[in-house]
Amino acid sequence: MPRLRSPLLTAAAALAVLGSLAACDGDKSKSAAMADSGDPLAQYRANPKYKAFMAGEKMSGYVFASPETQAMQDDDFENPGMLAVQDGEEEWSKVEGAAGKSCASCHQDAAKSMKGVAVSYPKFEPKRGKLANIEHRINLCRTEHMKAPELKWESKPLLGLTAYVEHQSRGLPISVKVDGPAAPFFEEGKKFYYTRRGQMDIACAQCHEQNPGMNIGVENLSQGQSNGYPTYRLKWQSFGSLHRRFEGCNQEVRAEPYPRGSDEYTNLELYVAWRGNGLKSEAPSVRR
Amino acid sequence: MAADIKPRIRVPQTAKKDEIIEIKTLISHPMESGQRKDSQGKIIPRKIINKMTVAFNGKPVFEAKLEPSISANPYLSFFLKCSASGNLDFTWTDDDGSVYKATQAITVA
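Chains A and B, in that order, are what the protein sequence lines are.
If you count the first sequence from 1, position 156 lands on 156 in my numbering, and the numbers rise without skipping.
If you count the second sequence from 1, position 84 lands on 84 in my numbering, and the numbers rise without skipping.
The shape of chain A in the complex, shown without the other chains (with noise of 0.2 Å):
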């Protein structure tokens, strides 16, 4: 019996989901856009205010934000991802490590020499003969050129400077390159996006490829676009890393996260960036 059971539970969780998947809520604009075209989407592309939001077919998790959520990233000062932009400018020219350099003193102004930079990230990085995203390029000129040991990963100071830098490049649009060298690591990250995990067996595929616009229970469910981040998200109460969001998406289907900043998240992380090639970078976005 005990054998029997755990399939069972599984069958019914993932029943559960589909379920609810399925289900249309009770909004009623909602349900007339739906009505007209089927297509959960077109309240959003029928409106003007998600244009600049939109690149073609693709959306920022912006146009799935509810309009309050919209309102706080929207003004600078109520945003409060803005707090981990400031505290990235201070430590920008905080002086570290053994070689007495900080950003500053090879990178200058930020505003300049990070313009564009973040949009191109992860990218294939010959001294670790894999993918860095900014976080592992924060640390690889930590431990070169400053002589500073690695910040912690979710650490403030290494967020702020993330944060900090991905603002720099606010407005511009996603382009990663996934070809060359990248190729393979690209590979792996689409084949992580298509592979069903965890106890429910869902893949990242299945909600945000299949069911963007449909509800998850009382979520709505985005296109998994990461040109927001890092983000500051409501439920976590603080400004946190794309890498913690794929932990949170895994633990809720019930799989075991890999930890933040691990090859397996990183290929991810530029497969889902390349989904959004075109996408306004938003960081600091605020999200729910």
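What the hints contain is simulated information worked out from the structure, not anything from laboratory work.
Watch out, some of these pointers could steer you wrong.
Derived list of chain B stretches under chain A, where covered just means 3 residues or more per stretch with a C-beta under 8 Å from a C-beta of chain A [to be verified]:
# : segment
1 : 4-18
2 : 23-33
3 : 66-74
All C-beta atoms in this analysis are idealised placements derived from N, C-alpha and C, irrespective of residue type, glycine included.
With the hints as your guide, set chain B onto chain A.
What follows is chain B alone, placed relative to chain A:
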């Protein structure tokens, strides 16, 4: 901890006489509710901003009592009618007794 807590204010520097202006404030603060437990199962002690006051030329114009259910980095805004130039003094009071302050001058033309 206190070094992480920074108040931010946005006040128009100039205003017309009797104009209604919007004052926006935000303070970076964890607003730890006292209801959460750490990985050892011990309760994380409460630490919130419990009071916020604003005075215009020493006269109170706005006061708020904050409770544990309020989100981290509390954002408060209010409207004010200015009839004379002066200083706005903002004060946030922490559970641990710390007081965070900010001041901004307004010129009424």
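Hint by hint, here is what the structure shows:
1. 4-18: holds (count 4)
2. 23-33: Holds, because 5 residues of the segment 23-33 of chain B bring their Cβ atoms closer than 8 Å to Cβ atoms of chain A.
3. 66-74: Result for this restraint: holds, n = 3.
In this structure, every one of the numbered hints holds.
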